[in-house]
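Enquirer: For reference, the chains in residue letters:
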Amino acid sequence: MRPPRDLTESGARGDPTAARPPVAASAVLAAEAPPGQRRTQKAATRNRVIEAARELFDTQGYQGTTIREIARHAGVSVGSVFTTFASKGEILSQVMQDRLDGLYGELDRVMPHLRGDTVERLRTMFAIHFAFEVRHTRLFLAHIAAAYDWTLPPTARPMGKTPRLQEIIRECLAKGVAEGDVDPRVDPQEIVDLIMAAYAWVYRLAAWHDADAPTMTKVMDRQIGLIAAGFQPRG
Amino acid sequence: MMHVTQIQAADDTAVKAPTRRALAKQQTRAKVLTAARRLFSEQGYEGATIRDIAAAAGMSTGAVFANFSDKSDLFREIMITDMAALADAMREAGAQGAGVEDAILRMFTAGYAFYQSQLPLARAAFSVGWSPQDGPALRSAPPVQVLNSLIVEQLAKAAERGELSDHELTLRAQMLFDAYLSNYPQAIFEGWTVDALRERARDQIRILLAGARRS
Chain A
1 MRPPRDLTES
11 GARGDPTAAR
21 PPVAASAVLA
31 AEAPPGQRRT
41 QKAATRNRVI
51 EAARELFDTQ
61 GYQGTTIREI
71 ARHAGVSVGS
81 VFTTFASKGE
91 ILSQVMQDRL
101 DGLYGELDRV
111 MPHLRGDTVE
121 RLRTMFAIHF
131 AFEVRHTRLF
141 LAHIAAAYDW
151 TLPPTARPMG
161 KTPRLQEIIR
171 ECLAKGVAEG
181 DVDPRVDPQE
191 IVDLIMAAYA
201 WVYRLAAWHD
211 ADAPTMTKVM
221 DRQIGLIAAG
231 FQPRG
Chain B
1 MMHVTQIQAA
11 DDTAVKAPTR
21 RALAKQQTRA
31 KVLTAARRLF
41 SEQGYEGATI
51 RDIAAAAGMS
61 TGAVFANFSD
71 KSDLFREIMI
81 TDMAALADAM
91 REAGAQGAGV
101 EDAILRMFTA
111 GYAFYQSQLP
121 LARAAFSVGW
131 SPQDGPALRS
141 APPVQVLNSL
151 IVEQLAKAAE
161 RGELSDHELT
171 LRAQMLFDAY
181 LSNYPQAIFE
191 GWTVDALRER
201 ARDQIRILLA
211 GARRS
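Protein chains in written order, with my numbering: chain A, 1 to 235; chain B, 1 to 215.
Treat the hints with care, since some could be wrong.
Claimed, not checked - Now the in silico label distances, taken between C-beta atoms and shown as ranges:
| id | chain 1 | residue 1 | chain 2 | residue 2 | range |
| --- | --- | --- | --- | --- | --- |
| 1 | A | 174 | B | 89 | 38 to 46 Å |
| 2 | B | 72 | A | 67 | 21 to 29 Å |
| 3 | A | 103 | B | 91 | 40 to 48 Å |
| 4 | B | 80 | A | 108 | 43 to 51 Å |
| 5 | A | 113 | B | 91 | 44 to 52 Å |
| 6 | B | 167 | A | 179 | 47 to 55 Å |
| 7 | B | 199 | A | 79 | 45 to 53 Å |
| 8 | B | 190 | A | 83 | 27 to 35 Å |
| 9 | A | 51 | B | 163 | 51 to 59 Å |
Just so you know, the hints here were simulated from the structure itself, not pulled from any lab data.
As the structure is a computational prediction, the values presented were derived from the model and not from experiment.
Cβ atoms here follow ideal geometry from the backbone N, Cα and C, with glycine treated the same way.
Let's have the full structure, built from the sequences with the hints guiding it.
Expert: Encoded structure:
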């Protein structure tokens, strides 16, 4: 089986057959390999664990998945999962981070080409979000819950604090100020916080009432419209 | 007559015995709730186990389960008690407001002041509130609905006075409530004071009401 591409690019890789060795072989390799290879070995384990966890979280949810199942699915020992991750919460955090990185990459590509005024650009941006995330809403919720509950490392923050998303909204508002449809006297962080709060609410709607992406988008559109009345310049 | 007296005597014990039992049960529940409140605050919702809570309350897990069906039941009970007290504090604060903006701000500030001394518990509440399993039950608990309806009432009264339009009234109330909740992470993770939270909420309320202002 081919190792993930980022692993290949990250540096020297050991024997290709080591990509998915049985548990015992993995331990032997780690013990005997020179330091460089050991690092690679660790990266391989890490990637396999994340990949296995992603599949299991998606199919049976976060609560319904145990570390032991993740280890079995990844073909590694429970012990080696714990040498890489402190907790199940930390694995979830990494799975979600990878997912969000993909989404933000897409937004970075799309945002400069969006047409319309600030309100329309914000609405489109969240429509893209919902289309991307709707398949994983329950998982995102589990992630937020875990961030509040000590189960994530202290550096983890609830999704509402995701700095990259906040930055994208701020950029959108700054462009609006330059184009004259956002009042320059309004504190952008306050608008960002309100939009994030609205976003969080729409999320619960999705997870608890099985709302689909168009329904989420429709509610978010109304909320953005309501917030916009507070940031548009008064004539 | 003799048998009447006997019936009366029987009645008396029938009334007294359950009262004593009920009292003991009430005390047990109170003890469990106090221990649970402390452990949820110290270890979070996931971290606190029924076994730990029982040990802290000085009783068996069986005795805990005789009073509460599970951990989420226990947590919900604590939250519902707090929310009912919070709703009273908010209603009172809101009644003193001069105008809708001030009234809602006073309500929110009362909420932040209420939780200032028990932020770890608020943190646990957010965790449960976001959880796919227990979130819906907590979020739709009657006292939580009361908090939301207090905001609706303020907006409706303002609409009657002609201070605001009633355009999107329900959604606006919901968004105000969510804005109120969204400031808690600043208090929990960044150590914001009640004053700082109030200043932030003041601006948020102004922004969310801007579109409904009659001018």
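Enquirer: With reference to the structure, classify each hint as holding or not holding.
Expert: Each hint, compared with the structure:
no.	hint	verdict
1	A/174 to B/89: 38 to 46 Å	39 Å, holds
2	B/72 to A/67: 21 to 29 Å	23 Å, holds
3	A/103 to B/91: 40 to 48 Å	42 Å, holds
4	B/80 to A/108: 43 to 51 Å	45 Å, holds
5	A/113 to B/91: 44 to 52 Å	50 Å, holds
6	B/167 to A/179: 47 to 55 Å	26 Å, violated
7	B/199 to A/79: 45 to 53 Å	50 Å, holds
8	B/190 to A/83: 27 to 35 Å	33 Å, holds
9	A/51 to B/163: 51 to 59 Å	57 Å, holds
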